[in-house]
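Trainee: Here is what each chain is made of, one letter per residue.
2 protein chains.
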Amino acid sequence: MTRVLIVGGGFAGMNAAKGLGGVKDVEVTLVDRSNHHLFQPLLYQVAMAGLSPADIAAPIRSMLSGYRNVRVLQGEIRSLELNRKVAVAEFGEVPFDYLILACGAKHSYFGHDEWEEYAPGLKSLEQATEIRRRVLSAYEAAERTTSAEDRKRYLTFVIVGGGPTGVELAGAIGEMSRFTLAKDFRNIDPTQARVILLEAGPRMLPMFSEQSAAKVARDLEQLGVQVWTSSAVTKIDADGVEIGAERIRAATVLWAAGVQASPLGKATALEVDRQGRVVVEPDLSVKGHPNVFVLGDQACFTHQTGKPLPGTAPVAMQQGHYVARLIRDELANKARQPFKFVDKGQMATIGRSRAIVEIGRLKMAGFVAWLIWLVVHIYYLTGFKNRLLVVLQWAWSYLTFHRGARLIVNKEWRLQTPPPSSDPPK
Amino acid sequence: MTRVLIVGGGFAGMNAAKGLGGVKDVEVTLVDRSNHHLFQPLLYQVAMAGLSPADIAAPIRSMLSGYRNVRVLQGEIRSLELNRKVAVAEFGEVPFDYLILACGAKHSYFGHDEWEEYAPGLKSLEQATEIRRRVLSAYEAAERTTSAEDRKRYLTFVIVGGGPTGVELAGAIGEMSRFTLAKDFRNIDPTQARVILLEAGPRMLPMFSEQSAAKVARDLEQLGVQVWTSSAVTKIDADGVEIGAERIRAATVLWAAGVQASPLGKATALEVDRQGRVVVEPDLSVKGHPNVFVLGDQACFTHQTGKPLPGTAPVAMQQGHYVARLIRDELANKARQPFKFVDKGQMATIGRSRAIVEIGRLKMAGFVAWLIWLVVHIYYLTGFKNRLLVVLQWAWSYLTFHRGARLIVNKEWRLQTPPPSSDPPK
Chain A
258 MTRVLIVGGG FAGMNAAKGL GGVKDVEVTL VDRSNHHLFQ PLLYQVAMAG
308 LSPADIAAPI RSMLSGYRNV RVLQGEIRSL ELNRKVAVAE FGEVPFDYLI
358 LACGAKHSYF GHDEWEEYAP GLKSLEQATE IRRRVLSAYE AAERTTSAED
408 RKRYLTFVIV GGGPTGVELA GAIGEMSRFT LAKDFRNIDP TQARVILLEA
458 GPRMLPMFSE QSAAKVARDL EQLGVQVWTS SAVTKIDADG VEIGAERIRA
508 ATVLWAAGVQ ASPLGKATAL EVDRQGRVVV EPDLSVKGHP NVFVLGDQAC
558 FTHQTGKPLP GTAPVAMQQG HYVARLIRDE LANKARQPFK FVDKGQMATI
608 GRSRAIVEIG RLKMAGFVAW LIWLVVHIYY LTGFKNRLLV VLQWAWSYLT
658 FHRGARLIVN KEWRLQTPPP SSDPPK
Chain B
258 MTRVLIVGGG FAGMNAAKGL GGVKDVEVTL VDRSNHHLFQ PLLYQVAMAG
308 LSPADIAAPI RSMLSGYRNV RVLQGEIRSL ELNRKVAVAE FGEVPFDYLI
358 LACGAKHSYF GHDEWEEYAP GLKSLEQATE IRRRVLSAYE AAERTTSAED
408 RKRYLTFVIV GGGPTGVELA GAIGEMSRFT LAKDFRNIDP TQARVILLEA
458 GPRMLPMFSE QSAAKVARDL EQLGVQVWTS SAVTKIDADG VEIGAERIRA
508 ATVLWAAGVQ ASPLGKATAL EVDRQGRVVV EPDLSVKGHP NVFVLGDQAC
558 FTHQTGKPLP GTAPVAMQQG HYVARLIRDE LANKARQPFK FVDKGQMATI
608 GRSRAIVEIG RLKMAGFVAW LIWLVVHIYY LTGFKNRLLV VLQWAWSYLT
658 FHRGARLIVN KEWRLQTPPP SSDPPK
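As they're listed, the protein sequences go chains A and B.
To convert, count from 1 in the first sequence and add 257; that's the working numbering.
To convert, count from 1 in the second sequence and add 257; that's the working numbering.
The shape of chain A in the complex, shown without the other chains (with noise of 0.2 Å):
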């Protein structure tokens, strides 16, 4: 029996779970954090109230349920022993002999992390729901109080970085101020929101062509959000933003810059790079340990173009598939291939019928930018229950401007104050 260990149920994870999920004489345990798989690319919607939590996530374990050879366990890896070939969970050691570590990225607040309690970045359920709580909380604050200065200050929201995460934050509060909440209040104006997107560098969206970006910031423009370029955040508060000697007021601050690996990579003493990714080899391997693989976001591959990968969707998927591959053919004896990322395009959505599109050299904007970003992200949501469940749901959100999930839910759930010496059961 062969004992393959995969840490982490992204997309990297799951796809190599997927590929060895009935392969003779292979074991596979995957472990991850948190009991479901998420559909990050659509994260943002259920932070914007378009979808619920369930829409875009799934049990780990139901998702593999099929796969004999597959077992799921719920915990944290607390820490590595490569030459003994044993992983220390929580709930005790787990032996391998393969590693797939797969353990993603979380947002990096370039050293001052206490701003993180002002400004919760995008990555998790957990923070989806803390920032839909934050928006209409912001809105409901509004429209109680009579103070006008509190007011402004409830009505602004101010989004740290200008990548697409950060564009389609903007634009979602943007377009729900502009349509979805328009009638709803009485002693205010949801359409008189300031939304303002902040971009360190000289240009938002420097991933695409500065043409893509120019529309894009144009359609952003259309749905009142306006994009302050060369505007690094120096502070962040209660109360708001510092840009250098500038300061907005503002109750909601969201975090969509830097991005850090996961630390099970430092800590385990392999080389990383800046950002704390794993260097990996051709093959995905960590030097000496060609049985230990670090995929998706956790890795720094520069084989193939010269700088690393980008944190992306395609290539967690596209790895996750070549490792299970590489040790398959591992086992009937064939030789290694060095990975290779077929780049299928980029894109990213502004709104609700707006999108930029960009394969090779051919660029797109607009409504059928926005067409094509909608069919790949329902074609990708498979392994989803309720992907017809969900193209309804946006469907009518579609024709009514609706946004179907507008709940606060708070953090407390119980009516008494706790005790405060004993721990809940888990």
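Possibly wrong hints are sitting among the right ones.
As the list claims (entries may be wrong) - Output of the computed footprint for chain B on chain A, the stretches with three or more beta carbons under 8 Å from beta carbons of chain B: (1) 400 to 412; (2) 445 to 452; (3) 533 to 543.
Unchecked claim - Restraint ranges, calculated between C-beta atoms of paired labels, are given here: (4) B/Arg443 / A/His369: 19 to 29 Å; (5) A/Met258 / B/Ser404: 20 to 30 Å; (6) A/Val648 / B/Ala439: 50 to 60 Å; (7) A/Glu499 / B/Lys440: 31 to 41 Å.
It should be emphasised that the hints constitute simulated quantities derived from the structure, not laboratory data.
Quick caveat: nothing in here was measured; it's all calculated off a predicted structure.
Using N, Cα and C, we set each Cβ at its ideal position, and we do this for glycine too.
Dock chain B against chain A, hints included.
Mentor: Here is chain B on its own, set in the frame of chain A:
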């Protein structure tokens, strides 16, 4: 202008607001702590991962946005000054000519508030997702552990209270173990889970006939649920429950027993019954304050049968309609008529295709009763955008035994430990 203040956006409050919506020279303010109206009768489906929160909850604000004379404020009423005709909210004072209290009820732990931590009740979305988290996490922990003792404890589910909610929860856990999860685990057999429903009284479902209650007990047994009657809980802690000299180790305990009205009535020195419900006159007003009404679960109305009306959705809805009409009539100088509840029967559901229905002398059980249950619940889900989507979701679950919302979502969204001294922005 006649100012009407409604406290609470449940069935009673919403129906009162709708009945006063668009009425000339009336200005309505509805205050609720949460931003959403909840379709309580289906809340157990959220706790049991069958539906998403957004399927059974909708923003109060958008449900009432069509009425230009209705204003919605999210917040909490701290106290009432009936003689000054003013309610004191956290955000300021709200004056009124008419006051409609419809604040509902919460669970009562019979003087053992410390039990709440170990045995959550089911009244809010927060509690429903907490119950979902606990139930699903218990299966995960059972799969991880190597101790047979611990495994047994993780796979034991105790539900306290043999009313409709307890029956629905127990039936759903039994069904989930037997069908939904049966193939998802490798180390445990979910069908071995112990599900125990505890009822302090001599039989469960005392509001139904003995015949229907016996039918339900047999249905529950087929789903692996044991019903223990005459079993009053004497202690609940992190390890399990005690029933007198008996002790059951259980990682998951759910509370579906006592109920207690919102404390606002008692705090205002109004006459209340043992459960904190405000004793009301035949027209639902409070003695000495003909302009103050109490409705729904918060009211104790005994003028029809001698016993208080039960805390159900039909009672709350009819009372909401009634008070709106009373105020409209009074503004047109018509005399008050006493409230009369029209009993249309009662029902409860067990698992995926069984229910009991009692309408007067008519008693039904089994699949036909379940179809009636389904039609009635879908009919009353009006005002929720996605009635069709919920039906589709159910149809899908019904055919596949899947439960789409099996997500464990944690309370903490931060990655970093927050600094202890500062409050997160609201």
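Trainee: So which of those numbered hints doesn't the model satisfy?
Mentor: Numbers 2, 3, 4, 6, 7, in rising order.
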